[in-house]
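Asks: Throw the hints in and build the complete structure from the sequences for me.
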Amino acid sequence: MHGAAAMREIAVVAFAQTDHRRTTDELSEVEMLMPVLHGVLEQTGLKTADIDFTCSGSSDYLAGRAFSFTLALDGVGAWPPISESHVEMDGAWALYEAWTKLLTGDADTALVYSYGKSSPGSVRDVLTRQLDPYYVAPLWPDSVALAALQAQALIDAGDTDEPALAEVASRSRTDASANSHAQVRGSVPQGDYVVRPLRTGDCPPIGDGAAAVILAAGERARELCERPAWIRGIDHRIEAHGLGVRELTDSPSTRLAAEKAGAFERPVDTAELHAPFTAQEVVLRKALRLGDEVRVNPSGGALAANPVMAAGLIRIGEAAARIHRGESDRALAHATSGPCLQQNLVAVLEGDPR
Amino acid sequence: MAEVLKAPLVLEFPFTRSLGPVQSAFLTGLRERVVLGVKTGDGRTLVPPVEYDPVTAEEIRDLVEVGATGTVTTWAWNHEPRRGQPLGTPFAWVLVRLDGADTALLHALDAPGPEAVHTGMRVRVRWAEERVGAITDIACFEPYEGDETRQLGDHTGEFESMVTGIVAPARLDYVYSPGRAQTDYIHALSEQRTVGERCPSCRKVYVPPRGACPTCGVATAEHVEVGPRGTVTTFCIVNIKAKNLDIEVPYVYAHIALDGADLALHGRIGGIPYDQVRMGLRVEAVWSEGGRYPDHYRPTGEPDADYDVYKELL
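Protein sequence lines, in the order shown, are assigned to chains E and L.
Residue numbers for the first sequence follow this note's numbering, so the first one is 2 and each next one is one higher.
Residue numbers for the second sequence follow this note's numbering, so the first one is 20 and each next one is one higher.
If you are wondering where the hints come from, they were derived from the structure by calculation, not from laboratory data.
Treat the numbers as computed from the prediction; the structure is a model and nothing was measured.
No false leads were slipped in.
Not everything, but these chain L residues come out facing chain E in the computed CB check (under 10 Å):
#	residue
1	30
2	101
3	114
4	195
Mimicking EDC-like on lysine to aspartate or glutamate, the simulated pairs with C-alpha atoms at most 16 Å apart in a straight line are:
#	chain 1	residue 1	chain 2	residue 2
5	L	58	L	84
6	L	25	E	27
7	L	58	L	78
8	L	25	E	26
9	L	223	L	331
10	L	58	L	118
Facing chain L, according to a computed beta carbon distance under 8 Å, are these residues of chain E, among others:
#	residue
11	26
12	38
13	77
14	154
15	194
Think of the CB as a built atom: it goes at the ideal place given N, C-alpha and C, for glycine as much as any other residue.
Replies: Now the structure itself:
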């Protein structure tokens with residue numbers, strides 16, 4: 002949605018994330034989550050009671066812990082009862098729901114959080130359970146295999162090759178050196194094939210982590226943050242679930258979401274792309290028409306830390322944080338869900354002129 | 020801090036799913052070694068066939084037979100097959116556009132190595148020996164150098180004894196850890212002590228602790244030993260015998276506020292006829308030999324607690 006005349010101005014005013022790690026055995030989900038919840042409250046000076054709406058994203062399948070999202074609410078302080086919602090999706094979609102809630106005027110502030118604990122299970126196998134249960138899931142095609150089919154299609158189309166993918170991996174991990182939260186940073190070998198043509202370096206690290214964001218509307222945002230990251234537009238689109246129906250070398254859903262979010266109206270200086278696999282960055286750059294002048298994934302992106310269900314929200318948070326710090330004036334943030342970039346969300350964030 | 024507890028956890032369940040008419044025909048066809056596609060309004064043939072046009076959402080029911088041979092549109096070499104995948108030896112994942120189809124089907128290709136696979140190569144279905152009406156009735160694809168001009172069949176998707184459902188077993192393996200707070204609680208229990216945690220803000224003591232105060236949203240850490248005695252705050256009488264549970268019915272299951280705790284936990288009441296259990300009854304934990312948690316709670320013989328003492332804990 003974009004461009005409605007009387008739309009409320011809504012901004013990301015705070016962002017926090019955990020250090021993302023391969024395992025967090027010593028922490029339950031709520032124990033992992035609490036520091037980031039407290040982090041965004043401290044940044045804004047808000048208390049639990051000041052939050053008008055709370056929305057979260059997570060999946061119980063990751064850790065195999067039924068109703069973990071209700072236990073996670075303990076970390077919010079949900080008693081007396083709060084206005085709350087949950088999506089079984091990446092936190093970026095929880096943010097979208099919170100944004101619409103603020104648009105209605107029912108709320109002026111919203112807390113959005115998400116978390117993923119992949120370490121207790123085998124995330125490659127867990128993610129097969131989101132596939133078409135009739136024709137696809139019975140074959141147990143894991144997440145790397147599906148991404149590898151997409152990568153090979155790109156190579157066949159001449160859009161990339163293995164050295165180019167290695168460069169994406171290397172650039173991401175090098176950029177992540179400056180990101181203390183990242184799980185994989187610095188010089189990392191491309192490694193062996195996991196599922197050819199993808200090597201370990203082309204794949205995201207598996208790990209646990211959480212993130213939280215606070216949204217605020219209008220003047221409230223200016224009170225809470227020196228330089229709010231205004232959401233100028235945000236939209237999400239989905240493609241057919243059948244992999245053989247889709248054109249895997251392109252992402253029309255990303256392009257359409259970006260168009261609806263107003264991304265093409267003026268150039269962005271920064272883009273945080275949720276591309277868990279190197280080849281997916283190639284697809285997204287093309288769909289979003291990002292030139293070399295755009296700073297892509299200064300955080301290192303999902304190749305540096307990919308807590309499933311939080312990695313998309315972290316893209317929005319990272320883009321917003323750069324605006325907060327004055328390092329960006331107009332940034333694009335992207336989140337994805339499903340195999341081979343099935344569903345895509347694009348947000349355009351701007352800071353006030355300096 | 021005590022060592023964090025971990026235990027294997029297996030989630031396993033069979034999903035029983037009913038099929039729509041197009042899925043039913045397609046999967047029944049596989050059982051009969053016939054591959055069916057479905058025609059869209061604009062004349063494309065979708066394989067595998069779906070009930071609704073992915074572009075227009077129009078209901079589509081026009082089934083056509085396509086070839087059991089086709090062309091690889093993309094592939095990925097899987098040198099380490101995982102549990103449940105179509106082949107136990109290294110294979111290629113492939114999207115295959117079958118002859119006569121406009122879309123591609125995901126499956127496995129049995130090939131000697133990645134050198135033997137390329138986009139554009141010709142393949143054909145290798146049928147499973149036992150077929151039940153499932154996508155796995157296609158065992159996999161195999162390279163095929165034969166004649167491309169073979170006539171397609173004209174099957175329209177009507178078979179005797181149509182498959183109307185599938186059972187899809189799912190299994191996921193985890194190594195579960197309950198986190199710090201619950202680990203501490205379980206360790207203490209194995210020493211026959213019940214240890215909760217106090218909220219630094221509202222001072223309430225949570226038993227069992229989960230590491231956070233749900234009212235204040237802050238971490239709890241201060242250990243507080245509670246009990247061993249407590250008060251029945253409320254209860255119910257269980258009249259249905261649970262499977263695999265060696266307890267005579269009727270019995271009483273109760274909420275018990277251990278002395279010093281601000282949250283009631285639950286447990287079975289024994290050592291007293293079920294119809295004599297009452298709110299306010301004073302009880303204590305009974306540990307079976309070597310038990311890592313209380314087997315049940317029994318009356319202490321103390322006078323009943325006043326309602327005012329425990330009414331906030333109901």
